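Asks: Just so you know, the protein sequences line up as chains A and B, in that order. In terms of this note's numbering, the first sequence opens at residue 1 and continues consecutively. In terms of this note's numbering, the second sequence opens at residue 1001 and continues consecutively.
By construction, these hints were calculated from the structure, which means they are not laboratory data. These figures come from a predicted structure and were not determined experimentally. A portion of the hints provided could be inaccurate.
[As the list claims (entries may be wrong)] Stretches of chain B that chain A covers, calculated by requiring three or more beta carbons in the stretch to come under 8 angstroms of a beta carbon on chain A:
(1) 1058-1067
(2) 1137-1145
[Said to hold, decoys possible] With a straight-line cut-off of 25 angstroms between C-alpha atoms, the simulated SDA-like cross-links for lysine to any residue are:
(3) K104(A) to F1126(B)
(4) K67(A) to V1314(B)
(5) K257(A) to E235(A)
(6) K67(A) to T1288(B)
Idealized CB from N, CA, C, for every residue including glycine.
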Amino acid sequence: MTRILKTLLLGSATALALGGAVHAAGLTVGFSQIGSESGWRAAETSVTKQEAEKRGVALKFADAQQKQENQIKAIRGFIAQGVDAIMVAPVVATGWDTVLQEAKDASIPVILLDRGIEGSPDLYMTMVASDQVLEGKVAGEWLVKDVAGKDCNVVELQGTTGSSPAINRKKGFEEAIAGASNIKITRSQTGDFTRAKGKEVMEGFLKAENGGKNICALYAHNDDMAVGAIQAIKEAGLKPGTDIKVVSIDAVPDIFKAMADKEANATVELTPNMAGPAFDALEAFKKDGTVPPKQIITESKLYTQADDPMKVYEEKKGLGY
Amino acid sequence: MMSSRLLPFYATVVICVLAYAVCVFQFPNMLSTRVLGNLLTDNAFLGIAAVGMTFVILSGGIDLSVGSVIGFTGVLIAVLISWYGVHPLAAFFIALVIATAFGAVMGAVIHYLDVPAFIVTLAGMFLARGMAFVITTESIPIKHEFYSTLSGLFVRMPGGGRITFIGGLMVLVFVAGIMLAHFTRFGSYVYAIGGNKVSAELMGVPVARTTIAIYALSGFLSGLAGIVFSLYTSAGYSLSAVGVELDTIAAVVIGGTLLTGGVGLVAGTFVGVIIQGIIQTYIVFDGTLSSWWTKIVVGLLLFAFIALQRLLVVLSARKGSLRGAIP
């Protein structure tokens, strides 16, 4: 019995020494991801893994399968492991106080990705997220510039009613066109963020607006709805991208294909690279104790047909969208 | 005879120790009081619900409503405390009464209408989850001084580990469950009904009362698990604890309890819960495996245990018939 114990202890000691040597090269970061419910989230996961590899960060990845209890377990596991930092994409906003306090007690910085939490901001170091109002604004500003003073009736495909991206992206777009009296939103309905619903609602818009002749542009709160709507426009005998301008948000690969075919005009990127800025902040913090701002806003980049959409499509294709 | 019936339990203990040893060998950090404390805290709601499930399965039944009752209790407590300003202790009392009554009604339907437990508790599952959604679909934070005190309560172990209130509560529930199963009349009634309902009835076991009590107990413990879950997340959410009933059934079976009833130990269920916790912890420590491996390994273990139990039943039956042939 004692011999077994001794072997076991010896083994543990060797493993400990080895483990120490490996991790000394860089940081060890635990990442608790919500799951892989959408293409964007899958892309976020693969980009996070790529970023970690690029920087020599040992990434411990845990998929929570949409369950908060799994995320809490994973965070506790990371704390027990003694990681250098923890990144969390929280599945719900509530219920993080106890476990994040534990991380704080263990002096492990926590970075929130993509979503915020309710509770004291002392519990996390920073939050990396996009500005949804800005996304809508960038889309609107593009349209204002593109129509250059001509009259333009816009139809809008909203996201899921009441969801925060739908509310904020609508708000941002309206802010951007508020100063341009030539641009009016004539119809606005929810397409539930889905391709099928986007197509269906667009068909209704086209019928209601004189076969589409009264529509100058389509603004969709996400690319999937835009792709569905493009189909509907084509079936109505019009040319999407020319007869009806198409602008949307997210920058998923399929919209780049549509842009390459001149069927879509512009998209605003919701970057899946939330981890990049998070790692930057973490490295700065570990190096000389620079405390990052409580909120890091990712760039809302505009892509148009001029940006070589085929090349972007090839780049994004492999990310798991 | 008895020892061969306990073989699945011994097998579980051996697997648990081996699994932990493998983990420690690969990740020495896992040999810490912190990990041990986490195993108790993180699996507290699962363990408490699994004690109730053990009694149900020992009696030859099944309770599919466990996860929904946990979700419902959590939402109910959150709403009572946050919207109506009820004191948490009063909210706990109300929730436990409702959950216990819910279980008792299911038990009564199962016994008096002679409907399979599977169907009655499936209906109960939809009912409880539906009620949770009707109350609210949002996740409601619970902000109450008493609540944060309770969820922040812990005893520090040497090495930085924590035995939290909910972790300790789970251990207490297991101890109470073991007492109830092995040292009370109710316990022997449960084993008797699970072994053979007809002969239990003939021996004078009050089957009706016991069946109702079993499901009431499962309801009560699911309610308690709901309270623990709400302490764990300091919130109530109608989508929480989906599928937990299946995890508890897995823990009970891996713990060596026969799915057909009559044989098993409450202590085995504890080991079954801890094995699931160890697998999850291992996957987090490894950090590259897909978390779905938890399900795969649990599935394989379940299959192995069911096969082992079947084998033992067949072997003991053969031994019995041999004995009968050669007196």
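Asks: K257(A) and E235(A) were given as a pair; does the straight-line alpha-carbon distance stay at or below 25 angstroms?
Replies: OK: K257(A) and E235(A) at ~18 angstroms, within 25 angstroms.
Asks: Do three or more residues from the segment 1137-1145 of chain B put their C-beta atoms closer than 8 angstroms to C-beta atoms of chain A?
Replies: Answer holds; 3 residues pass the 8 angstroms Cβ test.
Asks: Quick one, are K104(A) and F1126(B) close enough, alpha carbons at most 25 angstroms?
Replies: With a Cα-Cα distance of about 39 angstroms, the restraint between K104(A) and F1126(B) is violated, given a limit of 25 angstroms.
Asks: When I compare C-beta atoms, does the segment 1058-1067 of chain B have three or more residues closer than 8 angstroms to chain A?
Replies: The restraint on the segment 1058-1067 of chain B is violated, since only 0 of its residues have a Cβ under 8 angstroms from chain A and three are required.
Asks: For the pair supplied as a hint, K67(A) and T1288(B), is the alpha-carbon distance within the 25 angstroms limit?
Replies: Within the cut-off at roughly 19 angstroms; holds.
Asks: For the pair we were handed, K67(A) and V1314(B), check the Cα-Cα distance against 25 angstroms.
Replies: At roughly 40 angstroms apart (the allowed maximum being 25 angstroms), V1314(B) and K67(A) break the hint.
Going down the numbered hints, you'll see the structure goes against 1, 3, 4, while the others check out.
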